[in-house]
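Engineer: Now for the letters of each chain:
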Amino acid sequence: MVRAVAAGSRLAPGFAVQRALLLAVLVVACHPAPVSYPAVAAVCSPARIGKVELHDVAVADVAPLVVLEGAFDDPERTDRITAVATEMLRVRGYPHAKIRVMRASGCGVELHVWVDRGLQYRLADLEFETDDAFPDAERLAAVEDALGTVNAVGGAYVEDRLRRALAALERRYHDAGWIDASIDPPQATYDDARGAVTVVVPIHAGPRYRIGSVIAHGGGPETRAAVVDALGVKGGQWYDAARVRFGIDRARRRLERRIELRVRVGDDHKTIDVEAVVGRIE
Amino acid sequence: MKPALVIAALAAACGAPTSYLGAETPSSCGNDPERCAGWLAERDLDAGELDVYNDPALRAYVQAIADRLARGARVARPPRVVISDHDGTYAPFGDRIVIGRITIEKLGSEAELAAIVAHELVHVEGHHATVSLFGPEADSTWLAARRDAEAVADERAVALLELAGYAPAAMPRALIAELEADDDEHAPRDERITRVAALAANRKTGFEGRAELMRHVEHMIVGRDTRLGVAVGSAWVVANLGIALEVPDRDLARSQGDSLVLHHGRSTLDAYAIGAPWAKELATQLDQRATTATALGTVTVGVARSHDDHDETSLQRLERAVRATLPQPTPGTWVVILERCAPTAPGAPCGGLVLELAVHGDAIARARWLGGLRAATPRELAAAEPRHIAIAYAPRAASIRELVAVCPDPTAALTLDNADRVLAAGEPFKCTNR
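Residue numbers (my numbering), protein chains in the order written: chain L, 272 to 553; chain V, 141 to 574.
Don't take each hint at face value.
Said to hold, decoys possible - Label pairs and their calculated CB-CB ranges: (1) V:170 - L:393: 40 to 50 Å; (2) L:400 - V:170: 50 to 60 Å; (3) L:371 - V:342: 57 to 67 Å; (4) L:461 - V:162: 41 to 51 Å; (5) V:338 - L:409: 49 to 59 Å; (6) V:338 - L:435: 31 to 41 Å; (7) L:524 - V:359: 51 to 61 Å; (8) V:279 - L:521: 43 to 53 Å.
What the hints assert, rightly or not - Far from chain L by the CB rule (all over 12 Å, computed), these chain V residues: (9) 195; (10) 285; (11) 548.
To be verified - The following residues of chain V were derived to be distant from chain L, with all beta-carbon distances above 10 Å: (12) 159; (13) 170; (14) 274; (15) 293; (16) 295; (17) 302; (18) 325; (19) 401; (20) 405; (21) 432.
It should be emphasised that the hints constitute simulated quantities derived from the structure, not laboratory data.
Glycine included, each C-beta is placed from N, C-alpha and C at the ideal position.
Take these sequences, add in the hints, and give me the full structure.
Structural biologist: Shown next, in the form of structure tokens:
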């Protein structure tokens, strides 16, 4: 180790270089390169992908395709993996990315891969056009994806994922009492110069429904009173489907009876009546 | 999803924290999410779950295999190998490969171990963890991507073995040794073995390295590390922390892996060991927190906190998701946390013992269980010692099934290799030391 440093210092004097050399030698000494074994000859077979050739493509852009080298040639699987690799580029902010894969014969099958990334965009603004009282933070959390890297401001915009998230958000509106709510498709505007995309989502929330009456049927008067008590919801409160479901489960556990839940929109179209039907003991 | 995947995602998605489980995050966390994520995943295993098998020589040996395989793979640098103390083998998000100690013990040669490492290396090379985290979201598409990734990892592993000079025939043998039950994310066991066998085409040319593997696994712990918790006489002993918990005669006791569950009427106690930094963190998060004296010193008591996620930011939700993957008490249960280092020697492992108590007002049961905490005796510590691998040598050419008769526990020895493997005279095979 000392000799190596000395040799280095003659070639390029200076303490910094000596120190760098010493470090390099220490690294080599601490983590020796493993012994190499002679490679085993690969079998060239028309059933196997012998090579994945990238044409001006970074390995990281098509990593799921790169590892097909040596795998069975399964064109349908290759198509699926190409779709996955394309999706990964979209998640990184390339909404118009395209990957082209061409098959050729060589040692077995060769795959040739080209990528057109297109421009990269970041979601600059995501606006919900509505004045309803649904919590803003909950709305944003409902649409963001991929651990906050997609469909969140600063991240990538992936339209089909947002559409699916908005369908789920619409159901959450219904559960929270806006039972007539509807959400229009997102409207995206791309700014190529800034690499930015702004998205507007129109929401037609409609009125928010309150609970009308809370009634229990079946069983004796005491049972019915206990069921209503266990439900834990009262007329006049905002309708909350999760809370009602939780209440009916609590009533079932507490009374150890079969209890059916019925909800119906009140005649005034502003309230939802909750009915719990207690099953008979057989 | 593997716990480490979620943990590691924190680094990539939101910027890594400056410290994690009591340790400062490395500089890579500022500029290299994958490397940072790998560090976080390893920290989780070590400081959170007490799940790193600490054998530097064995780790260096498996690392050398990974380095050799990585030369044929399109990766910027070889991933770091971590040997876990259980049987999970996976490639978390980040530049780590986690190989379970229990995975290693079932293998018969270095080439077979290389086959397992190669499979995981393909996951790293193909960014498969990234695809799982950020890729297709629809359930059926996600599952199809997972199955494709697993199949490709099996198949390309054969190519990596070829390039690294290992006998391709080791690949199907490794799968035969390791695969047990089928699951949704992999093709059925027989199909996987058939496919890699077709690619390997029974090619036995290349390095096999049975003697090399045997030399490196000699003295390795076999099966569950009983120092993390085992019944000894009338006590549950966690030798790694030097702790014993008396198990009253009239209580119903059963062990689930490394944890002990006691029942007395409607009351239950659940005891398990965790990493010291995680124990420290959990102790600070208890509601109604207080301290109380036991025979082992002061312990923290309190009620495990439940979470209200309505007002959380996405980063807070992520952090909570990360924490949820570590072993921890059920929200609302009464908890005792004891932080302790094994008193055997300086540098001995430190950890925490968590006692979850659901006593439904039965203060007597609670007091009795807590009163049963004490230091383990030398005899108990000795009894909790796990079994180790001892290498024997074939006195004649024969199958392992025949040869294990000389082992102290032939039945256990049979689980450590392919019983039908025929050895030449003088070849090594695995026994347990008792």
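Engineer: Each hint: holds or not?
Structural biologist: We went through each hint and held it up to the structure:
1. V:170 - L:393: 40 to 50 Å: 21 Å, violated
2. L:400 - V:170: 50 to 60 Å: 38 Å, violated
3. L:371 - V:342: 57 to 67 Å: 37 Å, violated
4. L:461 - V:162: 41 to 51 Å: 45 Å, holds
5. V:338 - L:409: 49 to 59 Å: 52 Å, holds
6. V:338 - L:435: 31 to 41 Å: 39 Å, holds
7. L:524 - V:359: 51 to 61 Å: Holds - the Cβ-Cβ distance for residue 524 of chain L and residue 359 of chain V, about 54 Å, lies within 51 to 61 Å.
8. V:279 - L:521: 43 to 53 Å: Since residue 279 of chain V and residue 521 of chain L have Cβ atoms about 30 Å apart, the given range 43 to 53 Å is violated.
9. 195: Consistent with the label, residue 195 of chain V stays out of reach of chain L, its closest Cβ about 17 Å off (over 12 Å).
10. 285: Per Cβ check, residue 285 of chain V is inside 12 Å of chain L; nearest 5 Å; violated.
11. 548: Non-interface label on residue 548 of chain V holds, nearest chain L Cβ at 34 Å vs cutoff 12 Å.
12. 159: Fine: 20 Å to the nearest Cβ keeps residue 159 of chain V off the interface.
13. 170: 18 Å, holds
14. 274: 4 Å, violated
15. 293: Residue 293 of chain V not clear of chain L: closest Cβ-Cβ about 8 Å, inside 10 Å.
16. 295: The claim breaks: residue 295 of chain V does not keep its Cβ more than 10 Å from every Cβ of chain L (closest is about 4 Å).
17. 302: Contrary to the label, residue 302 of chain V does not stay out of reach of chain L, its closest Cβ about 4 Å off (not over 10 Å).
18. 325: Holds, since 15 Å exceeds 10 Å.
19. 401: 24 Å, holds
20. 405: 20 Å, holds
21. 432: 33 Å, holds
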